[in-house]
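**Q** Numbering (full-length UniProt numbering), first residue to last: 1 to 208.
Everything labelled a hint here was simulated from the structure, so no lab data went into it. Treat the numbers as computed from the prediction; the structure is a model and nothing was measured. Keep in mind that the hints are not guaranteed to be accurate.
[Unchecked claim] Simulated restraints, written as ranges between beta carbons of each label pair: (1) Gly137 with Arg203: 31 to 39 Å; (2) Thr117 with Gly95: 14 to 22 Å; (3) Asp196 with Cys113: 15 to 23 Å; (4) Gly137 with Gln204: 31 to 39 Å; (5) Gly189 with Trp147: 28 to 36 Å; (6) Glu136 with Lys208: 32 to 40 Å; (7) Gly123 with Asn200: 13 to 21 Å; (8) Thr195 with Trp147: 28 to 36 Å; (9) Cys113 with His175: 13 to 21 Å; (10) Ala98 with Val169: 17 to 25 Å.
Yeah, the Cβ is synthetic: ideal placement off N, Cα and C, and Gly gets one too.
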Amino acid sequence: MNDDELLAHLRAMDPALTSSAPLPAINRLVEAAITNDTTTRPAPSPAGITHLSPKRTPGAGRRNLLGLAAAAALLVGGAITWGTAANQGQSPSVGPLALTVEGVDSGAPSVACAEPTVDTLRGSSTAFEGTVTSQEGDRVEFRIDHWYRGGDTSTARLSNNENWPEGWVFEVGQHYLVTAENGVVPACGGTTWATDQDRNLFRQAFEK
1 MNDDELLAHL RAMDPALTSS APLPAINRLV EAAITNDTTT RPAPSPAGIT
51 HLSPKRTPGA GRRNLLGLAA AAALLVGGAI TWGTAANQGQ SPSVGPLALT
101 VEGVDSGAPS VACAEPTVDT LRGSSTAFEG TVTSQEGDRV EFRIDHWYRG
151 GDTSTARLSN NENWPEGWVF EVGQHYLVTA ENGVVPACGG TTWATDQDRN
201 LFRQAFEK
């Protein structure tokens, strides 16, 4: 770009400045413009740069502590809720089933008990197979091995009168099939030794 073209360019940018300025002033303007465009400004030295440390937000520490406390409270509350739900899900322990052998008048004549049948067994509200675990006086303890009808306990306690001639004498370690109606074990027609034949009879009566 020559001097005439540069002058025309400056006049177009600011006509008021170039129209009244004498030629030497115009030359100085041109020289100043060229000097400002070509002079490179030095970069600031590292020593002149001030590094600002990050500001600590007021209350940040307190908010962190509050957050930790809230998280701990949630954990404790969850543990308590879980423990309560677990305890509620556990059913209370059920005591032994209480049974009593049917009483018979001591003056009545002895009669032979008839063999149990499918029809007589079906009239019983309680039926199970059990093993005698203890026997003290008139009290007999059973571990229930299989329920046929009417219960869900794991043990039974039977009050037995061994002085009755036709009554049962239960032996520890032996297996028996026991029936009852409203907690009373009939003297005849239901309770028997647990043999394969009688187990099959109980299955026909209660499981078919």
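**Q** Against each hint, give a clear statement of whether it holds in the structure.
**A** Consistency of the hints with the structure:
| no. | hint | result |
| --- | --- | --- |
| 1 | Gly137 with Arg203: 31 to 39 Å | holds, 34 Å |
| 2 | Thr117 with Gly95: 14 to 22 Å | violated, 32 Å |
| 3 | Asp196 with Cys113: 15 to 23 Å | holds, 20 Å |
| 4 | Gly137 with Gln204: 31 to 39 Å | holds, 36 Å |
| 5 | Gly189 with Trp147: 28 to 36 Å | violated, 20 Å |
| 6 | Glu136 with Lys208: 32 to 40 Å | holds, 38 Å |
| 7 | Gly123 with Asn200: 13 to 21 Å | holds, 19 Å |
| 8 | Thr195 with Trp147: 28 to 36 Å | violated, 19 Å |
| 9 | Cys113 with His175: 13 to 21 Å | holds, 19 Å |
| 10 | Ala98 with Val169: 17 to 25 Å | holds, 20 Å |
Hints 2, 5 and 8 from the earlier list are contradicted by this structure; the remaining hints agree with it.
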